[in-house]
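Undergrad: Can you make the complete structure from the sequences, with help from the hints?
Protein sequences, first through last, are from chains A and B. Adding 63 to a residue's 1-based position in the first sequence gives its number in this note's numbering. Adding 25 to a residue's 1-based position in the second sequence gives its number in this note's numbering.
It should be emphasised that the hints constitute simulated quantities derived from the structure, not laboratory data. In this text, a Cβ means the ideal position worked out from N, Cα and C, and glycines have one as well. Some hints could be false.
Cβ-Cβ distance ranges computed for the label pairs, FRET-style [unchecked claim]:
{"#": "1", "chain 1": "A", "residue 1": "233", "chain 2": "B", "residue 2": "176", "range": "28 to 38 Å"}
{"#": "2", "chain 1": "A", "residue 1": "288", "chain 2": "B", "residue 2": "306", "range": "49 to 59 Å"}
{"#": "3", "chain 1": "A", "residue 1": "322", "chain 2": "B", "residue 2": "176", "range": "35 to 45 Å"}
{"#": "4", "chain 1": "A", "residue 1": "288", "chain 2": "B", "residue 2": "302", "range": "10 to 20 Å"}
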Amino acid sequence: MKYLTANRYALGLATALGIALAAGSASAQECTTKIGAVLPTSVDWGKPIAETAQYVVDQVNEAGGAAGCKIEMVLRDSQVDPKVGVDAAKALVDIDGVQVLIGAVSSGVTMPILTSVAVPAGVAEFSCCSSSGAFTKLAEEGKLKGLWFRTFATSNVQAAVGAKVAKDQGYKSVAVLYKNDDWGQDIGKLVAGHLEAQGIKVTSLIAINDGQPSYRAEVTEAISGNPEALYMALYPTEGTSIVRDWLSLGGTQNMIGANSLKSDEFRNNVGMQYLGSFRGTDTSSPRVASADAFVAQYKEHFGKEPNGPGLANSYDATMIALLAMEAAGKDAKGADIAAAVARVTDPSGEPVTADKDGFAKAKEILAGGGNVLYQGATGNVRFDANGDVSAPAVVWTFTEEGTKEDSYITLEEVGELTAK
Amino acid sequence: MIQHLIDGILIGAILSLGATGLTMVMHMLRFANFSHAELLSIGAYSALVFEQLFKAVLPFTAGTIGPLSMTWALAVAMIASMAVTGASAVLFDKLIFKRVREKGEELSMVFASFGLALIIRNVIGLVFGLQTQLFSKDIIFATVLSRDPLIMVKPDQIAVLAITLLIIFALHLILSRTTYGYALRAVAENPSLAQVNGINLQRMIVTVWLIGGGLAALAGVFYGLTNQISPVIGRDLVLPVFAATIVGGLGSIYGALLGGFIVGIAANLALTVLPSGYSPSVPFLIILAVLLVRPHGLFGEERQ
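TA: The following block contains the structure:
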């Protein structure tokens with residue numbers, strides 16, 4: 064119901080604006096283009112993500128709509144359930160005839176929507192929040208036909224930064240231990256690749272299973288390669304066991320860890336006296352003016368801080384989708400829209416801000432045949448060939464009280480690192 | 026390679042202690058007790074509590090024993106914990122297993138033990154929290170026995186191995202040389218006939234639970250000493266302990282000892298052959314291999 068009223072409000076506003084703008088753009092506002100959104104509105108953290116997407120649509124309509132028409136976002140609940148999500152997406156594509164899908168959030172829901180609905184129907188899909196490396200793999204195999212984009216950074220960022228830390232610290236050889244699950248396998252293999260690209264020898268690459276009675280064998284195996292440092296993509300419980308065994312067997316205190324080890328339990332049970340050389344990695348929200356501007360306008364519109372997960376990402380996913388629709392022109396198909404994404408995220412394009420005025424400015428530039436650089440809530444969004452984005456990162460260390468930031472790595476630097 | 030072998034023996038010692046208690050209970054009461062591994066958790070956590078208690082009451086016990094990370098307080102706490110764990114095992118039997126035994130079948134006992142395991146695990150989590158704990162936060166550095174090939178052991182692990190061997194030898198003497206031991210074995214062979222011969226069945230059952238619980242407590246403390254203490258110790262150890270028991274053969278304490286070593290060594294050596302992601306499958310492969318060749322385990326005897 065809330066969306067209905069929100070839509071009605073937007074409709075009223077858009078109509079009012081339409082009349083006001085009627086003199087300037089007579090062709091606009093007489094048609095409506097539908098876009099689809101499959102988001103988990105039935106869970107508490109999913110609702111703000113959907114509200115943010117709707118907010119973008121409202122702003123674009125205020126700026127006169129996209130591709131000559133007013134935009135209507137048809138929102139359906141995914142219930143964080145792949146079956147429900149696929150049904151919702153199918154209805155949006157088959158009945159509403161959308162060429163753009165926003166969503167979903169969980170990788171497990173997004174994946175079947177993408178592979179069984181969006182790609183077969185040639186619909187462009189923009190996700191705010193799915194992080195799985197499986198998408199990258201499918202894209203590399205060419206199975207996504209370039210229809211897939213996400214504004215959420217993959218594990219590759221942390222992996223690349225982990226390798227950079229090793230390089231900066233001057234380590235010549237590193238043993239990599241990773242948790243034996245989707246996330247761990249993903250990041251473990253990525254970090255090994257980045258380390259080797261940096262010219263650092265990976266002495267061993269070892270999967271760690273949960274709940275083993277002992278990790279001595281794994282630790283012995285890792286230590287036998289005589290590495291100068293240890294990289295861990297592990298959770299605190301196994302991490303503690305392993306580091307304690309590692310140190311007691313005379314392993315080095317030069318350690319690098321993923322954000323999963325940012326835990327008091329790990330710090331306390333290993334002991335600060337051994338964690339002096341420990342460096343952790345994590346992704347970070349960008350520290351650029353456009354990100355601050357997003358926070359300010361979000362606060363003004365919603366009356367609260369954008370603290371939930373994926374809000375800035377949702378804003379950018381929706382805005383880029385609409386910018387691309389604008390760039391692709393009227394009645395564009397999903398593939399055309401997907402192809403137009405490059406025109407609105409062009410690093411050498413004219414910068415536009417992430418708001419109503421920015422969209423209006425982008426319309427003019429695009430109409431004149433120019434390209435724009437969208438400066439979004441998550442910084443200057445730049446997709447790679449697989450539709451993945453990067454994110455800024457931080458390197459952190461343990462302190463007596465918790466953790467503190469050691470250094471901030473900007474999006475541009477991360478971009479250079481992940482490109483290697 | 027040699028390092029893996031040694032590590033395997035050391036972790037095997039802990040599995041052996043757990044398996045010895047389990048094999049006695051399974052042999053005598055004739056059911057697969059899936060809650061046995063939870064006794065290890067009870068043992069580890071009660072030792073944790075007693076150690077703090079002894080340290081507070083008798084501060085002079087807070088010192089460590091020689092090169093070990095174990096304090097004198099923990100050594101005493103270990104004995105107290107064995108008593109508490111043994112008593113809990115007897116209590117669980119009185120409250121649950123005895124009643125099920127009288128009314129239900131073997132399979133009901135197995136399911137009851139599953140339920141009990143879940144309850145114990147979650148109560149421990151509720152009381153002590155889900156985070157991992159340690160007896161001592163200090164990291165004791167391993168002693169280098171040889172540089173080439175590199176062989177390192179922790180003093181704690183040598184102590185664990187020595188105590189395990191000693192206890193199992195003592196247990197063997199009791200079972201094979203005393204009337205009490207004969208009585209225990211008689212009950213395991215044929216409860217009715219044993220009773221006809223004047224053996225108090227109830228008392229024998231209590232004894233078995235006390236021994237099983239006590240050994241489990243010891244294994245739990247040793248596990249905590251060489252690894253860490255968490256409410257999921259039971260979950261993590263139940264399969265290796267069962268594997269050791271089955272490989273060794275029901276009712277044989279030497280079988281359990283050997284079974285523990287075999288499982289420990291195999292799991293460690295597996296890494297030199299298999300990718301590390303597959304190491305949890307090794308205990309099962311051993312069970313399959315042993316059962317195919319010797320259906321009653323290495324030291325088990327056929328019985329009707």
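Undergrad: So, for every hint listed, does it hold in this structure?
TA: Tested hints:
no., hint, in the structure
1, A/233 x B/176: 28 to 38 Å, "30 Å, holds"
2, A/288 x B/306: 49 to 59 Å, "24 Å, violated"
3, A/322 x B/176: 35 to 45 Å, "36 Å, holds"
4, A/288 x B/302: 10 to 20 Å, "18 Å, holds"
When each numbered hint is compared with the structure, a violation occurs for hint 2 only.
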